[in-house]
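Same order as they appear, the protein sequences are chains A and B. The numbering used here numbers the first residue of the first sequence as 1 and each following residue consecutively. The numbering used here numbers the first residue of the second sequence as 1001 and each following residue consecutively.
If you're looking for bench data, these hints aren't it; they were derived computationally from the structure. All of these numbers come straight from a predicted model, not from anything done at the bench. Glycine residues also receive a C-beta, built at the ideal position from the N, C-alpha and C atoms. Just so you know, not all the hints are guaranteed correct.
[Claimed, not checked] Within a straight-line C-alpha distance of at most 30 Å, the following computed DSS-like cross-link-like pairs (lysine-lysine) qualify:
#1 A:K351 <-> B:K1056
#2 A:K380 <-> B:K1354
#3 B:K1354 <-> A:K424
#4 A:K70 <-> B:K1322
#5 A:K351 <-> B:K1383
#6 B:K1397 <-> A:K354
[What the hints assert, rightly or not] Looking from chain A toward chain B, a few residues come up when the C-beta cut is under 7 Å (computed):
#7 G396
#8 G400
#9 A401
#10 H402
#11 V404
#12 K408
#13 N409
#14 K410
#15 N415
#16 H418
#17 K424
#18 S426
#19 L438
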Amino acid sequence: MDTREKDIEKLKDYKYGFTTDIENIKAPKGLNEDVIKFISNIKREPQWMLDFRLKAYERLKLLKEPNWQKPKYPKIDYQDLYYYSAPKSMKDKPKSLDELDPKLLETYKKLGIPLQEQARLNGIAVDAVFDSVSVATTFKDELTKHGIIFCSMSEAIQKHPDLVKKYLGTVIPVTDHFFATLNSAVFTDGSFVYIPEGVKCPMELSTYFRINASETGQFERTLIIADKGSYVSYLEGCTAPMRDENQLHAANVELIALDDAEIKYSTVQNWYPGDENGKGGIYNFVTKRGLCKGKNSKISWTQVETGSAITWKYPSCILKGDNSIGEFYSIAITNNHQKADTGTKMIHLGKNTKSKIISKGISAGFSDMTYRGLVDINSKAKNSSNYTQCDSLLMGNKCGAHTVPYIKNKNFDSNIAHEATTSKISEEQLHYCQQRGLNPEEAVGLIVNGFCKEVLQQLPMEFAVEAQKLVGISLEGSVG
Amino acid sequence: MNEQLQSDFDKIVKVSKISEKEIQIKKDFLNKFIESGFPNRKQEDWKFLDISQIIKKSINDLSFFNDYSQTNKIDSSVFVKGLDHNKIIFINGRIEKIDFKYEDQNKIEINNETKENVSFDYNNSLIDLNSALSHKVFRIIIKKNYSLKRPLIIYHTTNDKIKSTNINLRLDFELGENSSLKLIDYFANNTEKNFINIFYNFNLRKDSILKNYKIDKFKNDNLKYSFNNIEQGNNSVSETFILSAGSDYFKNEINCNLNGEYSSAFINGIFSLKENLQHEIRTTINHLVENTKSYQLIKSVLGKNSKSAYQGRIFVNSKAQKTDGYQLSKAILLDETSEFNAKPELEIYADDVKCSHGSASGSLDENSIFYLMSRGLNYQQSKELLINGFLLDVIEKITDLEIKDLIKNIIGLKE
């Protein structure tokens, strides 16, 4: 094996596969009322929050797990999971970064996100989530100056109960589908953002997720509210340590944009996808939904999905306010035995609403990729329009690429246009690049980056570089 | 409904002279149907238009028994004029006449043995219903190297002598090597509110050509379902054209298996729906071997309270390299109560393929109307001219010139 091959070998192994040794407090295994009360109690939640959870749990008992999706998975035993675990040192919340568990800080360093440095150099406020509880929130002062609330969900429940009470569950109600309702019952923590009227958030807000304790489903709950005329860009990125059992991740993300507000939500997801034989890996069953509640509001989702054994999510926009805009930009890459069923839903309810969907799917190895999307223009949504483009790229004949768009037009004033193509990297393009001195891997990397460009350029600067690298790494070894 | 079905079935069995074995086969199909019932919106394929609801709303109580021993009078006024053609005439679900007078009789074979089963996998209770209740299954075999001189028109008619509110028809066609058949399904039902369930099976051998045109133009209150299974051998070509306009409800399903290399399938369709109509086309093209091709073009013009749905699926198996698949659906919504639904689906497991689909829907382009009006047309004329051009595009895809002219006349399109 020459050095180059060795390097590739090294890259193929999951770069972020390590675990930190921190004692965990765990709720007893299983899902029942007592566990929910335990979670609520340990987080010192008020009664209304517990009622919210119990209501969701009552509803959950009636629901069945959906099974219409393309990627099938072995049955999950919900009684065999821990629904709460927190790093022990979290019991008394640290006041500053220095008070953090050194082991935690070490973990972030390995991930390439030293908190202090990143905060200082990039001007990003980092709300780092280790397992299920937020451990550090930086740049508080700067944000407080603008009246922006950026904290963990548990903190928000304590300190801003009015806001949480008013908005939590308004976009994803407790009566939603199975996984969303499960989350409503047992969610542990997540981020809460409130941008007051007329404020443009001066920096990109960012959370790094990391799944740790084994056999722990992670149930994050994120709520972002942009009040009238405000703007916020939120980044979410995640990596996870190597593990054998499948881990369930069923997060809920709710976005609410009031009049003239804009929310930009970007995700880079690189959780452990399982080894090359398809063993292990994360189940990423996330419910993300944004509500353009006010007029002239805008919600934009950008996602780069490269990790997870199974990705199953549809970040959606409900365009309720007149003149509101919904956007969805996505790159999904599957390699080896990964499976993805992802896309978006654009529900047009208000007048003059516009939506745009750009989806790029790349499948390699033995993987399976599905774009599933819904564009629904209601009869009241006069003069609305949608444009959808979904392109798929196949590498090899052992993988699959599928496109399943649902198009419903109930309004004669509105236009819907949909385009989709499926192809492979053409021999001519490869030949051209190789002729100019690139090796086949570099050539594929270049072509794929070009293929994804429309989406990559939607990402904020800090993410774009990382994402571009990630696209390359994810496809390593799939060529030739 | 099930008791009615059971007792009608027993009556049918009593009067028909079929063997014990055939009765058992039919019984099995009937039980299968009773178990699953009419398809409803919970099933993915019936998501957009729920047939069980539509039947309930418009017919309510279905009855199934018809006395097939009586012959019906053939009403020649429905025959297509100006085109010499062979005929198969269905009246009230009974085949009254099979007439291949323009052809060499030795080259065409007509069988009516009951086929024991359906030769492909399906998950469709209406096929079970059809297999249980259809009167006689005719099998038409076109022999090797024979091309029919004249087109074959199948007349679907009903008259007021009909007793049941459900008719099931089944025809099987086998096209031998290097043969060709031009087929027109012509619907001239003038009764009210029947549920007509049609099942065609085509088997295309090497180098054969099938041209299948379905014309449902005249306003009637019937509900229709037509399932077409097309099996294609090497180098065979199938062309399907659907004009979906007259019935209250009409769903056409095309399931096409491209089993032979260099085979190709073309499906073109028009929904021209005036008021209160609900129509659907669902296609499944299975590309199973290398170098196969499919092309689909569906256009809709939708009036008041009308709803059309197009579900198109291209499946490419991992062996089917060099596949070329294309789907395009376009719709013009004329009224605020019209609705267009589409689900153009691609399922691809091979990498060296060229597959794409497109879908667009909206209202008539006001700029184009302005252009025409500024040249002296009134609003109505401009609208008609634009729709005319929109639909003509699909008609132009018809490869048989004679039939193209016929269809143009029937629709009333001008060039």
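Hints breached by this structure
1, 2, 6, 18 and 19
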